[in-house]
Amino acid sequence: MRLAVVLALAVTGCALFKSERERCGLSLAQAWEELDISKAEGFAALVSYGKAALLLADAKASQAQERFPSCIEAAERARFYISESRKGR
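The numbering used here puts the first residue of the sequence shown at 1, with every later residue one more than the last.
Calculated directly from the structure, the hints in this document are not laboratory data.
Where is the CB? At the ideal position from N, CA and C, for every residue including glycine.
Incorrect hints may appear among the rest.
Here are the in silico distance ranges between beta carbons for each label pair [to be verified]:
| no. | residue 1 | residue 2 | range |
| --- | --- | --- | --- |
| 1 | A61 | D36 | 18 to 24 angstroms |
| 2 | L46 | R21 | 28 to 34 angstroms |
| 3 | Q65 | K87 | 19 to 25 angstroms |
| 4 | R21 | G88 | 33 to 39 angstroms |
Sequences are here, hints too, so could you generate the full structure?
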């Protein structure tokens, strides 16, 4: 009976891990695309653009180290700065 509970928890943990892995990859892809669009449009807010680029580099490093919650957080923060840069802030 205990073995069944342990196996169930392990499977659930793996599913959660995969979900975070997928969210990390998706967040990174969306943020890089948005950053490319901002670059193509041209804008005056280079500080926000620079912050976004650094956050995306951090997210990519977190992804490589399989620290997916950190990856997701950095990618989401990068998307905020990309949005700000497109507004000229």
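Evaluation of the provided hints:
Checked against the hint of 18 to 24 angstroms, the C-beta distance between A61 and D36 comes to roughly 20 angstroms, which is consistent with it. The supplied range of 28 to 34 angstroms is met by L46 and R21, whose beta-carbon atoms lie about 32 angstroms from each other. The supplied range of 19 to 25 angstroms is broken by Q65 and K87, whose beta-carbon atoms lie about 32 angstroms from each other. For R21 and G88, the Cβ-Cβ distance of about 35 angstroms falls inside the hinted range of 33 to 39 angstroms, so the restraint holds.
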